[in-house]
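Trainee: So you can see what is in the structure, the chains are spelled out below.
Number of protein chains: 2
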Amino acid sequence: MSNSMEWSIRKAVKEDMGQVASLIKALAEYEKEGDEAELTSEDLIKDGFGDRAAFECLVAEEKGDVQGMAIFYPRYSTWKGRTLYLEDLVVKESERGKGLGKALFMALIEVCRKEGYRRLEWQVLDWNEPAIKFYEALGSQFDSSWLNGRITFPE
Amino acid sequence: MSNSMEWSIRKAVKEDMGQVASLIKALAEYEKEGDEAELTSEDLIKDGFGDRAAFECLVAEEKGDVQGMAIFYPRYSTWKGRTLYLEDLVVKESERGKGLGKALFMALIEVCRKEGYRRLEWQVLDWNEPAIKFYEALGSQFDSSWLNGRITFPE
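One line per chain: the protein sequences are H and X, in this order. Numbered according to the numbering used here, the first sequence spans residues 1 to 155. Numbered according to the numbering used here, the second sequence spans residues 1 to 155.
Rather than coming from a laboratory, the hints here were simulated on the basis of the structure. All values derive from a computational prediction rather than experimental measurement. One should not assume that every hint holds.
Derived lysine-lysine pairs resembling BS3-like cross-links, with alpha carbons at most 30 Å apart [claimed, not checked]:
1. H:LYS133 <-> X:LYS46
2. X:LYS80 <-> H:LYS46
3. H:LYS25 <-> X:LYS114
4. X:LYS14 <-> X:LYS114
5. H:LYS102 <-> H:LYS32
6. X:LYS80 <-> H:LYS14
7. H:LYS46 <-> H:LYS92
8. X:LYS92 <-> X:LYS80
9. X:LYS11 <-> H:LYS80
10. X:LYS133 <-> H:LYS80
11. X:LYS32 <-> H:LYS80
12. X:LYS46 <-> H:LYS80
13. H:LYS114 <-> H:LYS32
14. H:LYS102 <-> X:LYS46
15. H:LYS133 <-> X:LYS32
Model the full assembly from the supplied sequences, consistent with the hints where possible.
Mentor: Put into structure tokens, the structure is as follows:
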């Protein structure tokens, strides 16, 4: 509460990608997949900016530091049309409980309404109760009936 | 076997979208979600062609008819970088067992290799055993630990 006016949400710039990469790594470690998170801040700068940008990023900034972030991009549903996918939403552990996560999520809902996306979608691990509760409190639905399939290259 | 040389895989054109819309509807009905498939062929033409195309589509054609299709688009993983997502792969029920589905899937693997995507990804319903077996025979891995979260607009 005491910090409620000291942070702001803004579009990420290249200089944020070091702190964003740290948050990605922290989330992967929490998800017990730390070794799977292979991208560096240089990869994020190369992939997230310029003509062929593969994602967009919002950051929650407090006193010049990135304390939280959301990475997202458009997808397409053959049932619903254009949707927005939230790839990662992370708030630094020490900065939780101040509303940064909710503010980032509400900013994405605003993007959906403004740009006409029919759905906001994401995934959570089935044991990640804090995340599930966070999203449920914001009016979300969860569906456990789909399996993720994949082939990774090079094999 | 007797039909193995009579079909071909090619990039979809606008004129295919009527048959593609029928295959999307047929898959949604098989998945017991027929009412959720709301898009028309006009929506697919508007969304899948031109500068802001939201997806790509390959079709398996036999004697001038679309007998199967794959719809896909790029995504981004904060662990692996650029990936390719297979939204729908459908072969008309009467045309199964001829290798059309496998040919469409192999064409997507070729797209991944050529364009440098790190992963090919998709989802299947956990009770859809024929699909799971089809993908497993092609070397895929499945992961059941993620829940799909969503908010649909307007609420």
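Trainee: The structure should be examined with respect to each hint, and the outcome stated for every one.
Mentor: Evaluated hints:
no., hint, result
1, H:LYS133 <-> X:LYS46, "37 Å, violated"
2, X:LYS80 <-> H:LYS46, "13 Å, holds"
3, H:LYS25 <-> X:LYS114, "29 Å, holds"
4, X:LYS14 <-> X:LYS114, "25 Å, holds"
5, H:LYS102 <-> H:LYS32, "24 Å, holds"
6, X:LYS80 <-> H:LYS14, "19 Å, holds"
7, H:LYS46 <-> H:LYS92, "24 Å, holds"
8, X:LYS92 <-> X:LYS80, "34 Å, violated"
9, X:LYS11 <-> H:LYS80, "23 Å, holds"
10, X:LYS133 <-> H:LYS80, "27 Å, holds"
11, X:LYS32 <-> H:LYS80, "16 Å, holds"
12, X:LYS46 <-> H:LYS80, "13 Å, holds"
13, H:LYS114 <-> H:LYS32, "36 Å, violated"
14, H:LYS102 <-> X:LYS46, "34 Å, violated"
15, H:LYS133 <-> X:LYS32, "28 Å, holds"
This entry does not satisfy hints 1, 8, 13 and 14, going by the numbered hints stated previously.
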